[in-house]
Structure formats: structure tokens, C-alpha cells
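J.: Each protein sequence line maps, in turn, to chains A and B.
Counting from 1, one number per residue, gives the positions in the first sequence under our numbering.
Counting from 1, one number per residue, gives the positions in the second sequence under our numbering.
One or more of the hints may lead you astray.
[Said to hold, decoys possible] When the alpha-carbon atoms are kept at most 30 Å apart in a straight line, the in silico DSS-like pairs for lysine-lysine are as follows:
no., chain 1, residue 1, chain 2, residue 2
1, A, Lys83, B, Lys193
2, A, Lys220, B, Lys83
3, B, Lys228, B, Lys175
4, A, Lys191, B, Lys255
5, A, Lys193, B, Lys193
6, A, Lys84, A, Lys255
7, A, Lys84, B, Lys204
8, A, Lys193, B, Lys220
9, A, Lys83, B, Lys220
10, A, Lys204, A, Lys12
11, B, Lys84, A, Lys220
12, B, Lys193, A, Lys84
13, A, Lys191, B, Lys175
14, A, Lys191, B, Lys12
15, A, Lys191, B, Lys193
16, A, Lys12, B, Lys146
17, A, Lys255, B, Lys12
18, B, Lys84, A, Lys191
19, A, Lys83, B, Lys84
20, B, Lys255, B, Lys220
21, A, Lys193, B, Lys255
22, A, Lys84, B, Lys175
[What the hints assert, rightly or not] Stretch-level coverage of chain A by chain B, calculated; a stretch enters the list once three of its residues show a Cβ under 8 Å from a Cβ in chain B:
no., segment
23, 15-21
24, 94-108
[Stated by the list, open to error] Computed footprint of chain A on chain B; a stretch qualifies when at least three of its residues, placed anywhere within it, have a C-beta under 8 Å from a C-beta of chain A:
no., segment
25, 10-18
26, 52-58
These are computed hints drawn from the structure, not numbers from a lab.
Please read all numbers here as calculations on a predicted model, not as lab measurements.
Using N, Cα and C, we set each Cβ at its ideal position, and we do this for glycine too.
There are 2 protein chains.
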Amino acid sequence: MDSSPHSNKNIKLVLTYDGTSFFGWQETKEGRSIEGTLSQALEQILQEKVNLQAASRTDRGVHALGQVVNFITSKQFTLNELKKSLNSLLPNDLRVISLNETDPLFHPTTSAIGKEYHYHLTYGEIQLPHLRLYAWHVPGQLNFEKMREGASYLLGTHDFSAFCNMRKNLNYTDKVRRIEELEILSMEEGKLKVMIRGNHFMYKMVRNIVGTLVYVGLGKLQPQDLLKILHSKCRPCAGVTAPAHGLHLHQIFYK
Amino acid sequence: MDSSPHSNKNIKLVLTYDGTSFFGWQETKEGRSIEGTLSQALEQILQEKVNLQAASRTDRGVHALGQVVNFITSKQFTLNELKKSLNSLLPNDLRVISLNETDPLFHPTTSAIGKEYHYHLTYGEIQLPHLRLYAWHVPGQLNFEKMREGASYLLGTHDFSAFCNMRKNLNYTDKVRRIEELEILSMEEGKLKVMIRGNHFMYKMVRNIVGTLVYVGLGKLQPQDLLKILHSKCRPCAGVTAPAHGLHLHQIFYK
Chain A
1 MDSSPHSNKN IKLVLTYDGT SFFGWQETKE GRSIEGTLSQ ALEQILQEKV
51 NLQAASRTDR GVHALGQVVN FITSKQFTLN ELKKSLNSLL PNDLRVISLN
101 ETDPLFHPTT SAIGKEYHYH LTYGEIQLPH LRLYAWHVPG QLNFEKMREG
151 ASYLLGTHDF SAFCNMRKNL NYTDKVRRIE ELEILSMEEG KLKVMIRGNH
201 FMYKMVRNIV GTLVYVGLGK LQPQDLLKIL HSKCRPCAGV TAPAHGLHLH
251 QIFYK
Chain B
1 MDSSPHSNKN IKLVLTYDGT SFFGWQETKE GRSIEGTLSQ ALEQILQEKV
51 NLQAASRTDR GVHALGQVVN FITSKQFTLN ELKKSLNSLL PNDLRVISLN
101 ETDPLFHPTT SAIGKEYHYH LTYGEIQLPH LRLYAWHVPG QLNFEKMREG
151 ASYLLGTHDF SAFCNMRKNL NYTDKVRRIE ELEILSMEEG KLKVMIRGNH
201 FMYKMVRNIV GTLVYVGLGK LQPQDLLKIL HSKCRPCAGV TAPAHGLHLH
251 QIFYK
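Using the sequences and the hints given, assemble the complete structure.
T.: Take a look at the structure:
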């Protein structure tokens, strides 16, 4: 890799954040964003304009354990020192886990071969206060076995139109996606985790899948209905969109 | 139990709360307290002055999964309806798990035969943002085996003077206490939980024990030093007081 003083370097960062007090990834005039907060800190240190790209443009309230972003710079610095300076400058709800120079052709979105999300749920009569900002509380009981059966119909390659929300400036050439793993994990003390791994998720797809599986868990839908919903390609036929604050971007996979 | 209209009833509540935005259990002019918030809601519903007693007067920032409190009332109400009214009136960082009429002689502190606390820690280079309000972050690595060996010296009945902080209006007749269980539980992803169960804890005793065990984990103290510290009865000989926000009152035990 060319490391002459003025050559461009492609810097890859892995971030973790508590999405509670952010207006999502994308810079906005409404309030603090992850993109805005991180680029401001980088620009203060590097004294140049920084253009960040993220693997996942997380919505307002969504958390991340392993968000991947990059930027191009010709500035000279020690990687470890830049990481330390960033972490001392950033607020404590946003941390840089790692910072490396990477392949010039690396792009966090287009180079990604898969993503893993964890969706956290609590259930029962009482919402646990210390989890209220990190898990969706479903009052009542959930039938995990039925949720698991429902989830099994979504595994593999399908047209996920029924689980994709519309958004301005968002045109998918097709809505065929592959889900490689979809597990319903029962945790201690009224907690449930939905773990989902796939090749490329569409807008609100994870949250729509979770909302539909919760309908199955509550008995509002039968497990086999998932197959009908998939075939219908009809968004209103599926369940509710699960709220943002239960969603945790867990990991992005690269070759 | 006498249930005539004007007889006094002893009402026992089990509470869970996120201590982050409270100034602790005790009512104070500094800001919102758990005692103040709960008594205000009860007084609004029952239309009488309510005097609450708690099993553990948790400090500012300490969380609870199973705090036990009581009050005496002669008012008439359905237990389940009072619980529902309270939970709809209370802020969502404070929830009533259960509400029952109990023995007239029951007192949350003096009737207790034991308490269990969980102390949550994270360790490593990066503090996980979504746990920053619920776990103490220790930068660096912890030697769990040495912490376990250190903990073993504290099990059983000892004079815990070295682990007890002074406070105005607090006079212990003696400082002999029994620790029945003290476990160092390694969790996933850089997390550690110290589980401690005993007959009666003194002021800041759990946090002083955790702070001292962390010193052992970091190599600042040797496991055998715990025995010397116990025998010294000298508070400054032990480790630092672990911060309040990692402490979770887990359960109170009664006969």
C-alpha cells in the first residue's frame, strides 16, 4: 500500500453507540446524529472536511455494537493516537472500537457480504425499567415455539416485499434477499432476543420481521401465515414495525 | 386477619427501578427520589398521607430489581387495582412488581433474613455505551481466578469493619456480618457480574467489597491480602468504593 505523505488513505472504523439520544446515523438539523458527532470530532483533530460512509444508516433510537464506517484522508497521523484522541473527544454514548487503514477499494456498504442484527424484547406484565431504552416490551406472554416455527419459513432466499417499507429516494431493483440465520433466543428474567443474519436488509426489514414474529408469539398470526405473507408481497399483510429502540446492529461481515 | 373497614392493613410492595435519574431511595429536596415519587402517587390515589419503609435505602444511582417496601393504611381498595393505578401513574423508570396485604408485624428491614445484590462490571479498552449507566467500567483486564480466590476469604461470618463506611446517625452495635454467597460470574462480551448474598449489609459494604476485589483482579492486591484487610478492620486498607451505578439490589429474603 502506498504510504507516501500525500497519498490518500482509506480509514475504516468500527463504532459502538447507544442510539437513545441520537437522531440516527444521518446528519440532520433536528439534533445530534452519529454522523455529525463523529465527523465533527474527526474534523477538529484532522483539520479538514471529512466525508463519512456507514455500512448501515441506522434510524433514530437504533443502537450499534459493530457499525462500520470509512473516510478518505491524505493527512498524516498514527492510527492508535487518532483512535485515542477520538475517544477522548467523543461523548460517552459513542465509542470507536477500532480504527485501521484498509484497502483503497473498501467501502463499508458495497464491500459488505452480510449483516447481523440483534433485536431485544422483554415480555410479561411489568416492563423492566433498566431495559426500557434497549428492548421492546410486549405485555403478555409469547409462545417461543410458534415464533421459531414462523421464523423457519423466512430462512433462505425469498422476495421480502411484504417486509420492506417504502421511503423517498429509495428504489430497490429487486426485493429478493437471503436470510442465513434467524433465531429466537430465550434469555433470563423475561427477556427474549431475536438474532438475524442475512446478505442485505431493506428499509425496516428487520423490524417488520420482528413485529410479525411477535404477532405469531401472541397468537394474532399462525406460524404458517408467514409463508402466505411472504407470497402475498403485501406489506400491510405482515405485522407491525417493531420499535427502533429494541434494535441493535451487531456486526457487519466482509470477505 | 381482621378485614373490617377501618382496621389497619400492612401493604407490602416489590419495586423495580432504574436508579439513573433518582437521587436514591430517601426523599430529598435535591431532586426526585424513589420514596418521594412512590409516596406522591400513593397519596394521590388513596387521598391520605403515606409513610413508606424500605428494605434497603439505596443510594443515588443504585438500581433495584426487587426492592421491598411497606406502608400502613386503613383505606379500602382492591389490591390489583391499586397496583394498576400506581403503574399507570408512576414514571416508567419505577414499576410496582407486586402489591399484597401482609402480616401486621411485617417490616421490610427488620423482618428480612438476607439480601442479594448483583454488581455489574465491564472491562477492556472500550466502555460499552449501552451499559455505561448500569455497569462500572474497568479499563484493562481482570484476573477472574484471583478475584474468586480473594472472594473465598470473605465467605462466612467475619467482622467487616474494613468494608464499612462511616455516616452521620449510623451506629452499628457490631460489624460482624455473614456472607453466604459471593460469586464472580464471567458473562459474554467483556462483562462480569459479582453476585453477593448475606444476612445484613452495612453502609457501602457491597461497593467496598467489589472495589477491593477489582483491585485483586487488576493485580494491585493479592488474593491473600483480603484476609489481612479483614483482620486489620481498617477501611483505608481495603480498596476503593465501587461506583453506585453498577449496583443492583436483586432480592430481599424473608422467612
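J.: Please verify whether lysine 204 (chain A) and lysine 12 (chain A) have alpha carbons no more than 30 Å apart.
T.: holds (25 Å)
J.: Do three or more residues of the segment 94-108 of chain A come closer than 8 Å to chain B, measuring C-beta to C-beta?
T.: holds (count 4)
J.: Within the segment 10-18 of chain B, is the number of residues with a Cβ closer than 8 Å to a Cβ of chain A three or more?
T.: Check passed, 3 qualifying residues.
J.: Please work out if lysine 84 (chain A) and lysine 255 (chain A) have their alpha carbons no farther apart than 30 Å.
T.: The given pair, whose Cα atoms are some 27 Å apart, holds under the 30 Å limit.
J.: Taking 30 Å as the top limit, are the C-alpha atoms of lysine 193 (chain A) and lysine 220 (chain B) close enough?
T.: This hinted pair is violated, its Cα atoms lying about 38 Å apart.
J.: Tell me if chain A covers the segment 52-58 of chain B under the three-residue, 8 Å CB rule, please?
T.: Our answer is that it is violated, as 0 residues pass the Cβ test (under 8 Å) against chain A, missing three.
J.: For a C-alpha distance cap of 30 Å, please report whether lysine 255 (chain B) and lysine 220 (chain B) respect it.
T.: Violated. Lysine 255 (chain B) to lysine 220 (chain B) sits at ~40 Å, over the 30 Å cutoff.
J.: Check the hint pairing lysine 84 (chain B) with lysine 220 (chain A) against an upper bound of 30 Å on the C-alpha distance.
T.: Holds: lysine 84 (chain B) and lysine 220 (chain A) sit about 25 Å apart, inside 30 Å.
J.: What's the verdict on lysine 193 (chain B) and lysine 84 (chain A), does the C-alpha distance respect the 30 Å limit or exceed it?
T.: holds (27 Å)
J.: For the pair supplied as a hint, lysine 12 (chain A) and lysine 146 (chain B), confirm whether the alpha-carbon distance does not exceed 30 Å.
T.: violated (37 Å)
J.: Just to be careful, I want the Cα atoms of lysine 84 (chain A) and lysine 175 (chain B) compared with a cutoff of 30 Å; is the pair within it?
T.: violated (45 Å)
J.: Given as covered by chain B, does the segment 15-21 of chain A meet the bar of three residues or more with CB within less than 8 Å?
T.: That given contact holds, which follows from 3 residues of the segment 15-21 of chain A lying within Cβ reach (below 8 Å) of chain B.
Of the numbered hints given earlier, the model fails hints 7, 8, 13, 16, 17, 19, 20, 21, 22 and 26; all others are met.
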